[in-house]
Amino acid sequence: MKSTARIIAAAAAAAIYGGAAAQSLDNALAAYSQLDLDGATEILDRLKPAARKGNEDAIEQLRERITLASDMLARVQQLEILDSMTVAADDFFRAYKLHPSTGRLATADVVAGGDSFEIVEPVYVSENGDDMIWVGYDSSEAEYPAMMESVRLADGSWEAPARLFTRADIFGDGIGGALSAPMLMADGVTVYFAADGPASLGGLDIFMARRNADGFLQPTNVGMPYNSPADDYMMVIDEAAGLGWWATNRNAAEGEVTIYIFAPSEMRVNYPADTEGLADIAMMRTVEFPADRGERLAVLRNLMPARAETDEFRFALPDGSVATCLTDFNNAEARDMMEDYLAAEKDLKSAMTILAHKRLLYGRGQHDLADDILAAEADIDRRRSELKSLRSAIARAESR
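The sequence shown stops at residue 400 when you use our numbering, and every number in between is there.
In case anyone wonders, no lab produced these hints; they're calculated from the structure. Please note that a few of the clues may not be correct.
Stated by the list, open to error - Cβ-Cβ distance ranges computed for the label pairs, FRET-style: (1) N270 / E64: 18 to 24 angstroms; (2) S265 / N55: 23 to 29 angstroms; (3) D340 / S399: 17 to 23 angstroms; (4) E64 / P264: 28 to 34 angstroms; (5) D131 / L390: 53 to 59 angstroms; (6) E295 / D130: 33 to 39 angstroms; (7) M85 / T190: 21 to 27 angstroms; (8) R46 / I175: 54 to 60 angstroms; (9) V151 / R293: 17 to 23 angstroms.
Said to hold, decoys possible - Keeping only pairs whose Cα atoms sit at most 25 angstroms apart, straight-line, the calculated DSS-like set for lysine-lysine is: (10) K346 / K388; (11) K97 / K388; (12) K346 / K358; (13) K53 / K97; (14) K97 / K358.
Every residue, glycine too, gets a C-beta built ideally from N, C-alpha and C.
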């Protein structure tokens, strides 16, 4: 018996693929995006010469991804999904509730000297707060982002951020592309991150790599159902809580992502390759929760020690103290300017998110965005300069 999701998917496919329009490459991509590999292959095979002309590279790339997806579809991991939630994509990581021993996902302002380079949130901070990794651009000339790390020194200061790798570095294929959403396991060796490029299914895929004395070993794609033709990222294995997390924009409205919470297992067990509806399972179109999920999620809440309310912000004052809310300011003018500062900071983060997305699209071949990217970079530089001036003005007003 077909599920409602499969009936809807079949109806949508009939609408998309029907008629003469089914000869287009766009329809092959649409079929592939739903993991209809047979449908995508059939459309490609039927493409007329006129549709093939000028699209040879794109057709070949799609065929390669169909082959990759077919291989992954034969090894879909059996996952026990405990919960899911749909949140805004801009600050999705705030929904992750991790055991303190796992570390935390933080905003860019935790990185010392972060004003001098672009940081793509979130920043992963280790349990003891002495190690941070993130994705960013280590120079204004950098075309692609790099994985960065900073470690707290014995005297309490932070070492200068060090570049760990770019996509081209770690995959060893010389191909630039996007990186995103790193998470370092408690062993200090295993890192999860997202990347695009030939080794992914189309958007960002989640990879795992291990560090040795010489750097990082070749990454491994974690496969399905974690990855899909959409963007999938921010894998966190919370060993203390016995929970795993990842985010995806498949099956989500524009500007939103779905976060799945699952029960990680020490040994990977895959579905049989002939399982009915395997594509639906891999795409998370049909999800069944276990009967005891409420109890198991309550375990997480019990594991989490009581935490102080999250600071509204952190702003260094001239006397050496740190303001964490507006009432910490004694000067009314400084308080008003701080409100302006927070609004401007939020606008800057939104602009940086948009720029990061445009750079991602540029890396995927949309080179007509070059002028937009340059304009966005100039706009971000202007915003940063204004924030710096506003910080100084706030400090002067508060010290009166």
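Hints versus structure:
Range check, N270 to E64: Cβ separation about 23 angstroms, and the 18 to 24 angstroms hint holds. For S265 and N55, the Cβ-Cβ distance of about 42 angstroms falls outside the hinted range of 23 to 29 angstroms, so the restraint is violated. Taking 17 to 23 angstroms as the suggested C-beta distance range, the pair D340 and S399 conforms, at roughly 18 angstroms. Separated by about 30 angstroms at the C-beta atoms, E64 and P264 satisfy the suggested range of 28 to 34 angstroms.
Between D131 and L390, the C-beta spacing of about 31 angstroms breaks the proposed range 53 to 59 angstroms. Hint check: E295 to D130, Cβ distance near 35 angstroms, so the stated range 33 to 39 angstroms holds. M85 and T190 have their C-beta atoms about 26 angstroms apart, which keeps the hinted 21 to 27 angstroms range intact. Between R46 and I175 the beta carbon distance is about 30 angstroms. The supplied range of 54 to 60 angstroms is therefore violated.
The hinted range of 17 to 23 angstroms is not satisfied by V151 and R293, whose Cβ atoms lie roughly 38 angstroms apart. Pair hint K346 plus K388 holds up; C-alpha atoms about 14 angstroms apart against a cutoff of 25 angstroms. With a CA separation close to 32 angstroms, the supplied pair K97 and K388 exceeds the 25 angstroms bound. Simply put, K346 and K358 have alpha-carbon atoms about 19 angstroms apart, close enough for the 25 angstroms limit, and the pair holds.
Using a Cα cut-off of 25 angstroms, the hinted pair K53 and K97 is violated, with the two alpha carbons roughly 50 angstroms apart. For the hint linking K97 to K358, the alpha-carbon distance of about 29 angstroms lies beyond 25 angstroms, and the restraint is violated.
Of the hints listed earlier, those the structure fails to meet are numbers 2, 5, 8, 9, 11, 13, 14, in rising order.
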